[in-house]
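So the chains spell out like this:
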Amino acid sequence: MGNFIVTPSPHITSNHKTSTIMRDVIIALMPALVAAVVVFGIRALVVTAVCVASCVLFEYLIRRVMKRDATISDLSAVVTGILLAYNLPVTIPLWIAVIGSFIAIVVVKQMFGGIGQNFANPALTARIVLFASFAVHMTTWANPFDIDTISSATPLLDIEHADTMALFLGNVPGCLGETSALALLLGGIYLVLRRVISPVIPLTYLGTVFVLSWLLGSDPVNQLFAGGLMLGAIFMATDYATTPITTKGKFIFALGCGLMTIAIRLYGSYPEGVSFSILFMNLLTPLIDRVTKAKAFGTQKKKKGAEE
Amino acid sequence: MAIIKSRRSLKGVHVPHHKNTEHCESVLFRDVGEVVIPMQQHMGAPCQPTVKAGDLVKLGDKIGDSQEFFSAPIHASCSGTVVRVEDFWTVTGAQTKAVVIKNDGEYTVSESVKKPFISDKEDFIHAVRESGLVGLGGAGFPVHVKLAYKNPERIDTLVINAAECEPYITADFRECMENTDAVLAGIRAVKKYLNIKSVYFGIEANKPEALKLLDEKTESDPDFHVVQLKQLYPQGAEKSIIYAAAGIVVKDGKLPADCGVIVMNVSSVGFIGNYLETGMPLVSKRITVDGDCVNRPQNLVVPIGTPIRCVLEYCDGDLGCKKLLMGGPMMGTPVNSVDTPVIKNNNAILAFSHNDILGKQTTACIRCGKCVSVCPMNLMPTMLEKAYDRKDAEALNALHINLCINCGCCSYTCPAKRQLAQKNQLAKTFARKSAVKS
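Listed in order, the protein sequences are those of chains A and B.
Residue numbers for the first sequence follow the numbering used here, so the first one is 1052 and each next one is one higher.
Residue numbers for the second sequence follow the numbering used here, so the first one is 2 and each next one is one higher.
Calculated directly from the structure, the hints in this document are not laboratory data.
All clues stand as given, with none of them false.
Derived lysine-lysine pairs resembling DSSO-like cross-links, with alpha carbons at most 30 Å apart: (1) A:K1344 / B:K392; (2) B:K53 / B:K115; (3) B:K392 / B:K438; (4) B:K193 / B:K218; (5) A:K1346 / B:K231; (6) A:K1299 / B:K418; (7) A:K1299 / B:K6; (8) A:K1299 / B:K12; (9) B:K387 / A:K1344; (10) A:K1118 / B:K392; (11) B:K434 / A:K1346; (12) B:K387 / B:K429; (13) B:K231 / A:K1344.
Isolated chain B (complex conformation) (with noise of 0.2 Å):
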């Protein structure tokens, strides 16, 4: 089947792309000497270590994992000895815990690890909670728990979210030039278990290549259908990405499963492509290593756990640069240390010897009505803006202050400097509180 040129899409900026590591082949980078792994690297309950200091892992072991449902095992990303269990705060902060292993470079691959045995539906979905896999695109949303969907019949359309519409961000690019089997194999298996009839594959037109591999090597199979993106940010986002690829709109407070799409990034079903072949779990993560302040930037994949300081060290980046960021600059978190480990969800890490934002001085707002001209989700930022100010949760519910994505357009174009899309941030907090209060 030829590629779809899609027409359609949900408004959004130009962002400048700084593709910069396209044709950087992945490198297996597992230099480091201690590796801390936070207990809380999803969406949903945090996990308890299961295992303690002076305990001997091996490169697979589960070592952390939750009763509930909405959580997601955490396992050992190198061999060696438990440490030390400690405190630990998350980039969002969150207390939780993180498990300390000394690397002893062996990477002895754990008994545990065996390729899984499934039969049926649940025996997938048990596989995936099992893999320790959470959505890699950047939310870290518990993948089982989104193929776990109450009325499966429903869920005919999967949307394979290669969009990548971040600046810097090469990381989903190079998992389809890459792992391009695993991915197909990873997308057969989600489509055989959950019984869905049409794959659509959302990739934006600035990675023609990747647009090409994936229609080769699918064009036997009519419900395979590889959709050419326009270029702007933020096609990846789930609303837009589902109607931008797949022409389904979903509704206000409504999940995309209950349209009938599952939407699911393709570095996490490259994943379970490979996790069904070789059982080894969610260990090690694909990330683009660039910025200003790197001077070799790259993409490597990293054993979970791993301090940036490491991976900057690695690409010859300069740890007194003035911003780092986990993500992509749109929407990526600032860390305050090199410390900071990387997580499963971390896609990227970009250090920049400026700030864009501190030093540009708020003015007034002139209307100009640019932050409603690019909101994908159609909202007024201007008008939420001055709502919030007012402290007015009526105004802020009419104005749909729920449907924000926090993409960033709204801050990324006001040409006043203002900090929309964090006021926004704000809003949903105080609309929230305002109604358990009424």
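Bound conformation, chain A alone (with noise of 0.2 Å):
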């Protein structure tokens, strides 16, 4: 008969790729990069680096050991590997920034199955783990322009008297991706724009935390600035892969993610929730995606116990 190639329909598809996305999400992450160099100096880009190319290293090498696809070109190594070195000092030690390269890519991402199957955000759940192993490293805060001289705290200590336009610009103590809201939040606008992700978590998550902390007596504007929140909202929040697919399931998310944090900033033993917030509402996002399931066209919800 003929010699056409005969597929289901549709014959068609758009340009995106896993990669086209995952690529976005790196530009998304340059600014805060160069904010960190002009911050920090140069070895915020070493440990960048280290970070970046441990992550990568792991993914092939693990994958080979147990015999799967190779998926380093999905570029999501890459991305893991920039957020891990975000939410690092950069005073930390390149084996402690490796180490957390093997907690995040071989633990939590690929031991649950790859790409799009690990439950907990890995670049966060590696600094948690790294925070609760090395917590002298993990709170050690160079100074800003000088990293040699250590600071005495995270501006998050002292929220009511840190300056607004230095925790906006970047130039205060902190993890070396996350000090910089201009940085962070152009990125943002870069992802919303490109449609990599839809502006609800990282608004709602900042909508709580303002109207929290100015409810509850603190200054909204520096909360929102200081410490990991900008970095958490904007990309660590938004990870597809351990956060809600509806809307409305992305709302709930946020919510928690933003009361959690307030919760622990104002009233934890800790100085910073973010990350404590976002992994706890990474372990509720099955249960949410359960409740907020899209409702089809035309139809009803069934009353309980109407049927079944």
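Assembling the complex is the task here: the two chains are given apart, and the hints tell you how they should meet.
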């Protein structure tokens, strides 16, 4: 008979690929890298490079060991590496950074099935594991522009007297990629414009933190710009694999993140609560997904107990 | 009345338009030696051939019919001699018969072709059945069945589908531009005999000329509403256009007619308009011939049963193309042979030198949710795929697999290049079979 290719419809597809999405995320993370290098010097670049290289290497090796297809070309390991680096102080010993990459890629991501299957955000979980294991290294904050001197504390400990402009631009002590709210916001706007992320999660998360800290008598603007909130709200709480699919689910997820963050920041024993709150909500994501299924067109919600 | 700009829309995807042929006036193509007319060109019961090898037929002679109500008769699309009645496999895999007619090139019109006499609704529905009309938008649903709804008094709205949201195809647009008066005559007939109150014309915003022309022609009639739809695929899907043009939600498990509305394709009503005037049954079809393997893309009016080979040769097409489609690239049917004939519900022949789907590697689902955010039926293709993979019929039904219209938006948009629409089709069959078993 014929010699034509026969496949099911549709016969065309969009130009989106997993790797193009990851490439957009990498582009969106670049302003923060520039800010980190300006504020903390060239070592910020070194830490980031080590994290990216080790993440990609671990991803390659573990897929070989597990006899699975190579997935490093989807660039997701690069994203994880950058995000992990952004969650580390610039003074971190490089071997600790490599351990972090191992935890993120091998334990959190690949052990649970690889991209799309992990239930917790790899970079965040790695940060928390490192934080629990190497508390001193992980909480040694270098002063901006002079990383050989050690700062007394993060601005979160004295949020009322922090300099808002410094927080916005990023010349404050902190993890290397989280300090510049401006650079992170630029990246976030890029991701929304490119339709990589929906603005629901960042806006809800930031809005909840703003309103709650204002109601509870804290400085709402400084709360937004300080600590890891911008990095978390824009890049970590929008991770596809570990957040709900529907808009309603995303809203609940981000609301929970905001509540937890404020609770930990204002009443907890840790100064920062972004990582813990996102991780906690990651664990609730399958449950949120269950109760926020999309309502199909023209259907009505079944009343409880009406059938079955 | 001014053009209504619809702000309502179900979800969808932005596909490239490629409406290269929109200004190509239709050309009457008749240079075909032998036509192959399949006895199944519609949904429902296949027809039985009423002619045999050696018979002489004229243009418009009935050559196939069925006793079943859910069927539509088939007519000779040229005059000449029946060469043979052969076994035939339709592009969807069904086996049926086909009548092969050697064209004498005269196109002598049969004596049976005369203006139908219509006095009431029964006459009208009978005439529509005799015309062999099936839905020309693509589904091939026999039109008289749609018109013979059991509670006709409930239907008060007619939506004319001229959205033409598929890339490349411009056949319906040309129908609006070239056959405007017959289109309006067809609509007025349907309106009269079915006692319809309002008519909504749904046209995508990328066809401003059609919008303007129809608006001018219907200005004096308050029952006509020309609605400009957003440019979004699949605006022409039945439930989408009913919602976008008339604001009516067709509930799960209901027919549009249950909700007081019927949808007809603009080419279908255009045909009715012509048929009521001349009595010539459905023997030819306007098709768009395009694709990167076609050097002279254009709109042709071809006799039903013309092999694609003749059409492609006429348009300077490359017969060595890789993919050949009947219909648009989103929902069209691929064919495996250039000898496949054009049938009633064809609206395009597209020939491509490459295959956009094969060669793109399928990777793991990253849960981005893009499939959910584009599904016009608001389904969750990613969860449907997982439910099908674990063969969970209960979950498939809870996720309303039956509502999938196979528009292909999920597959189109998926960054992991997963064949979600294909899985949905498999899942639908699976869920139905499981329901029968239990």
